[in-house]
Amino acid sequence: MLFRLILFHLRETLTVRTLAFFAAVLLLTLFILSALPSFTEGNDRISYNLSLSIVDPEASLISQSLAGILEGMSGMGSVHIEDMATAQKRLDNNEILMIISIPPGFFESSQAWVRRDPVILHVNPRMPAETAIFIRALRSLTDSIMGMQAAYMSFGQAVRPLFSDIDAYNKQLGATFSQVAVWALTRRAVVTQNESARMSTPFHVVSSIMCLLCMQIGLLLLTQAWEERSNGILVRLSLSRARWWASPFARQLVGLLWVGVSMAPLIIGLKSFYPGARLELLLAAVFGLYWVTGCLCQAAGYLSVKGGLALPGAWLFILALLLMGGGIYPETLLPAAIKPLMALSPAYYAYRTVYAGLQGGALPSTAPVGFAAMAALSGLALGLARRHGLRGGSSGVTA
Amino acid sequence: MRHPPAPAAENKSPDNDGLQVRDLCKAYGRESVLQGVSFSLMPGHILGVCGNNGAGKTTLIHLLASILPPDSGRITLFGIPAGQNRAYRRLIGYVPQVIALSPRLTVRQNLDFWASALGLSGKIRRAAVDEAIQLTHIQDFVNKRVSRCSGGMARRANLAAGLVGSPSLMLLDEPTAGVDEDNREALLHAVRGMKQSGRMVVMVNHYRSEMEAVCDRVVTLRDGRLAEAPNDEIGER
Numbered sequence: 001m002l003f004r005l006i007l008f009h010l011r012e013t014l015t016v017r018t019l020a021f022f023a024a025v026l027l028l029t030l031f032i033l034s035a036l037p038s039f040t041e042g043n044d045r046i047s048y049n050l051s052l053s054i055v056d057p058e059a060s061l062i063s064q065s066l067a068g069i070l071e072g073m074s075g076m077g078s079v080h081i082e083d084m085a086t087a088q089k090r091l092d093n094n095e096i097l098m099i100i101s102i103p104p105g106f107f108e109s110s111q112a113w114v115r116r117d118p119v120i121l122h123v124n125p126r127m128p129a130e131t132a133i134f135i136r137a138l139r140s141l142t143d144s145i146m147g148m149q150a151a152y153m154s155f156g157q158a159v160r161p162l163f164s165d166i167d168a169y170n171k172q173l174g175a176t177f178s179q180v181a182v183w184a185l186t187r188r189a190v191v192t193q194n195e196s197a198r199m200s201t202p203f204h205v206v207s208s209i210m211c212l213l214c215m216q217i218g219l220l221l222l223t224q225a226w227e228e229r230s231n232g233i234l235v236r237l238s239l240s241r242a243r244w245w246a247s248p249f250a251r252q253l254v255g256l257l258w259v260g261v262s263m264a265p266l267i268i269g270l271k272s273f274y275p276g277a278r279l280e281l282l283l284a285a286v287f288g289l290y291w292v293t294g295c296l297c298q299a300a301g302y303l304s305v306k307g308g309l310a311l312p313g314a315w316l317f318i319l320a321l322l323l324m325g326g327g328i329y330p331e332t333l334l335p336a337a338i339k340p341l342m343a344l345s346p347a348y349y350a351y352r353t354v355y356a357g358l359q360g361g362a363l364p365s366t367a368p369v370g371f372a373a374m375a376a377l378s379g380l381a382l383g384l385a386r387r388h389g390l391r392g393g394s395s396g397v398t399a
Numbered sequence: 001m002r003h004p005p006a007p008a009a010e011n012k013s014p015d016n017d018g019l020q021v022r023d024l025c026k027a028y029g030r031e032s033v034l035q036g037v038s039f040s041l042m043p044g045h046i047l048g049v050c051g052n053n054g055a056g057k058t059t060l061i062h063l064l065a066s067i068l069p070p071d072s073g074r075i076t077l078f079g080i081p082a083g084q085n086r087a088y089r090r091l092i093g094y095v096p097q098v099i100a101l102s103p104r105l106t107v108r109q110n111l112d113f114w115a116s117a118l119g120l121s122g123k124i125r126r127a128a129v130d131e132a133i134q135l136t137h138i139q140d141f142v143n144k145r146v147s148r149c150s151g152g153m154a155r156r157a158n159l160a161a162g163l164v165g166s167p168s169l170m171l172l173d174e175p176t177a178g179v180d181e182d183n184r185e186a187l188l189h190a191v192r193g194m195k196q197s198g199r200m201v202v203m204v205n206h207y208r209s210e211m212e213a214v215c216d217r218v219v220t221l222r223d224g225r226l227a228e229a230p231n232d233e234i235g236e237r
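Protein chains in written order, with our numbering: chain Z, 1 to 399; chain C, 1 to 237.
Honestly, I wouldn't trust all of these hints.
[Unchecked claim] SDA-like mimics (lysine to any residue), calculated; alpha carbons at most 25 Å apart, straight line:
id: 1; chain 1: C; residue 1: Lys144; chain 2: Z; residue 2: Leu7
id: 2; chain 1: C; residue 1: Lys144; chain 2: Z; residue 2: Arg4
id: 3; chain 1: C; residue 1: Lys123; chain 2: C; residue 2: Asp112
id: 4; chain 1: Z; residue 1: Lys171; chain 2: Z; residue 2: Arg241
id: 5; chain 1: Z; residue 1: Lys306; chain 2: C; residue 2: Asn52
id: 6; chain 1: C; residue 1: Lys123; chain 2: Z; residue 2: Arg241
id: 7; chain 1: Z; residue 1: Lys306; chain 2: C; residue 2: Asn53
[What the hints assert, rightly or not] So the derived label-pair ranges between C-beta atoms look like this:
id: 8; chain 1: Z; residue 1: Met199; chain 2: C; residue 2: Ser150; range: 56 to 66 Å
id: 9; chain 1: C; residue 1: Gly178; chain 2: Z; residue 2: Leu7; range: 26 to 36 Å
id: 10; chain 1: Z; residue 1: Gly260; chain 2: C; residue 2: Gly178; range: 21 to 31 Å
id: 11; chain 1: Z; residue 1: Thr366; chain 2: C; residue 2: Gly122; range: 49 to 59 Å
id: 12; chain 1: Z; residue 1: Ala336; chain 2: C; residue 2: Gly178; range: 36 to 46 Å
id: 13; chain 1: C; residue 1: Ala227; chain 2: Z; residue 2: Leu380; range: 50 to 60 Å
id: 14; chain 1: C; residue 1: Thr220; chain 2: Z; residue 2: Gly313; range: 36 to 46 Å
[Stated by the list, open to error] For the chain Z half of the interface with chain C, some residues (derived, Cβ under 10 Å), not all of them:
id: 15; residue: Met1
id: 16; residue: Leu5
id: 17; residue: Arg11
id: 18; residue: Thr15
id: 19; residue: Arg160
id: 20; residue: Ala242
id: 21; residue: Ile267
id: 22; residue: Lys271
id: 23; residue: His388
id: 24; residue: Arg391
By construction, these hints were calculated from the structure, which means they are not laboratory data.
All C-beta atoms, glycine included, are put in the ideal place defined by N, C-alpha and C.
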């Protein structure tokens, strides 16, 4: 019976819509494979160098020191010391730029333990990746300066008894402050950037696209499950000798065939381009992600009363899972609120497995358990949704 | 083949005769749909159930098909209780209100699939499909894809799919809805054919006059109850 159901679903899914989808996937595959050589030439990157405009009306020692040290930092582009109008113009021209606006009297007030006006940052909202990276670096810098300032004030209090003349004392403090600040900055010790785990852009892009393509097949299953419910075939099947799981399982297997057909060119191309890639990891990731997404999409199809709304809803859900799994933005750039939820997305395990497979690395330790747990949960959801769909939920059966 | 199962002689009792429905109740949440529905139906008889939208006709059909569990009451078919019982379901032929066929397959391919789903294979399957085709008189378009059939043709093919495997009890949920005059007559003719071959038929519909033409008895579902002599056995007119 399972074989007959597989044939049935195969015929059901062999439509113009499916063929159009495969044509689109094939075109995308060709595009990716043709773009791979340029990915590895080094011109590509997930973020670009960030330029800096320092606006300091007093051209104080702080701005000059900052400019001196930041120019040499990794990830930093040009550093300009200029007026606000010029800096704002750069920002308006969509330069990858951040403006640090230092308020008047900032240097003097920093030497005294008094409240001062804050430094204001102007960023380019169209460059979130670069801005996020630099803001973190700047936070680290601020913390360092705060620490230095506290040490400086303690030093001032400790040496005060040694000076009977207050002017000599102030002069010594000023000199000490400048010297410490310059030493700290010129040693470049205030900000340390660890680039040992730098992200590979081609691997990120390929991993993300593989996850997306894999999950999209689930939409095909959603429409089939919805049709099965809405046209009464689900009810008829329940009265036949077919086991309750046979039809969803057969549909999953047919979907797996389509996944294989659509992803094979991409995987073969990747293997030839990255000979060190571990094929078994790529296949495991594709299978695991497809299986979980397929079950969830079928469940949505069985639950849906109006199929027209289910499709865009499922599409958004897939994008949300991909985002949660780090397949749109890398994990480091995700908001803190999303990070604890990452493990709840099947795309998280698939993305990491594909990435590791492309690198020729080992299977991420959490992936097998993650996939198994999600497959079990999604299977349970599918069973419950089918049961709900069979009994008509709260609508359609009282006509 | 599923039709007709002969009840064992030693088990001969009223409950073992045909379809027995006793005190059937069903509610969706606080909304009570069926309240103590009872009737009997003998082989070779047709019961028509009419009622307004939301009267509970489809719910009754789903309960008889054992798709929905009743809140209380009892349904037996030749002494076999309804529920998740496979033996009961094997005796049921269900024709839903919608066209429960794959539009991408031909009528014959659909019937063939449903015969397989019933566990039939080889010559028996082919014979079951041919019998259903003959009973519904759909030979003219049996090799046509369902998506290319007219509404009436699709309804007749839908009826044929329910007949595959010779079920003892046919449950027809508005089989003539949206069908033109010619196809309606062909459908009703097929329903009469079921009666002549000794099957039981429960048919729900909006239109009493249409059912009176083929049914041995027509009852009305109103406020969750059968309006006319619900506890009487359904006999010949």
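Here is how each hint holds up against the structure:
A distance of roughly 19 Å separates the Cα atoms of Lys144 (chain C) and Leu7 (chain Z); the hinted pair therefore holds under the 25 Å criterion. Of the pairs offered as hints, the one joining Lys144 (chain C) and Arg4 (chain Z) holds, with about 20 Å between alpha carbons and a cut-off of 25 Å not exceeded. For the given pair, Lys123 (chain C) sits about 11 Å from Asp112 (chain C) by alpha-carbon distance, which is consistent with the 25 Å threshold. Proximity of Lys171 (chain Z) to Arg241 (chain Z) is assessed by CA-CA distance (about 96 Å); at most 25 Å being required, the pair is judged violated.
The straight-line distance between the Cα atoms of Lys306 (chain Z) and Asn52 (chain C) is roughly 24 Å, inside the 25 Å bound, and the hint therefore holds. Restraint check for Lys123 (chain C) and Arg241 (chain Z): the C-alpha separation of about 18 Å stays at or below 25 Å, so the hint holds. With a C-alpha separation of about 20 Å, the suggested pair Lys306 (chain Z) and Asn53 (chain C) falls inside the 25 Å cut-off, and the hint holds. About 59 Å separates the C-beta atoms of Met199 (chain Z) and Ser150 (chain C), a value consistent with the hinted range of 56 to 66 Å.
In this structure, Gly178 (chain C) and Leu7 (chain Z) meet the distance hint of 26 to 36 Å, their C-beta atoms being roughly 31 Å apart. Taken as a hint, the range 21 to 31 Å is violated for the pair Gly260 (chain Z) and Gly178 (chain C), whose Cβ atoms sit roughly 41 Å apart. A hinted range of 49 to 59 Å for the beta carbons of Thr366 (chain Z) and Gly122 (chain C) is consistent with their spacing of about 50 Å. At about 57 Å, the beta-carbon gap between Ala336 (chain Z) and Gly178 (chain C) misses the expected band of 36 to 46 Å.
Distance hint for Ala227 (chain C) and Leu380 (chain Z): a CB-CB separation of about 44 Å, inconsistent with the stated range 50 to 60 Å. Separated by about 41 Å at the C-beta atoms, Thr220 (chain C) and Gly313 (chain Z) satisfy the suggested range of 36 to 46 Å. About 7 Å separates the beta-carbon of Met1 (chain Z) from the nearest beta-carbon of chain C, less than 10 Å, and the hint is met. Because the closest C-beta pair between Leu5 (chain Z) and chain C is about 8 Å apart, less than 10 Å, the hint holds.
At its closest, the beta carbon of Arg11 (chain Z) sits 6 Å from a beta carbon of chain C; the interface hint therefore holds under the 10 Å criterion. At a threshold of 10 Å, the smallest CB-CB gap from Thr15 (chain Z) to chain C is about 7 Å, leaving the interface hint in force. For Arg160 (chain Z), the suggested interface contact is broken, since its CB lies about 80 Å from the closest CB of chain C, more than 10 Å. Hint on Ala242 (chain Z) holds. Least Cβ distance to chain C is approximately 5 Å, under the 10 Å limit.
Look at Ile267 (chain Z): its Cβ only gets to about 29 Å from chain C, farther than 10 Å, so that hint breaks. Violation of the interface hint for Lys271 (chain Z) is found here, the shortest Cβ-Cβ separation to chain C being roughly 35 Å, above the 10 Å cut-off. This hint is violated: His388 (chain Z) has a C-beta 12 Å from the nearest C-beta of chain C, more than the 10 Å allowed. Taking 10 Å as the C-beta contact cut-off toward chain C, the hint placing Arg391 (chain Z) at the interface holds, the least distance being around 6 Å.
In summary, the numbered hints that this structure violates are 4, 10, 12, 13, 19, 21, 22 and 23.
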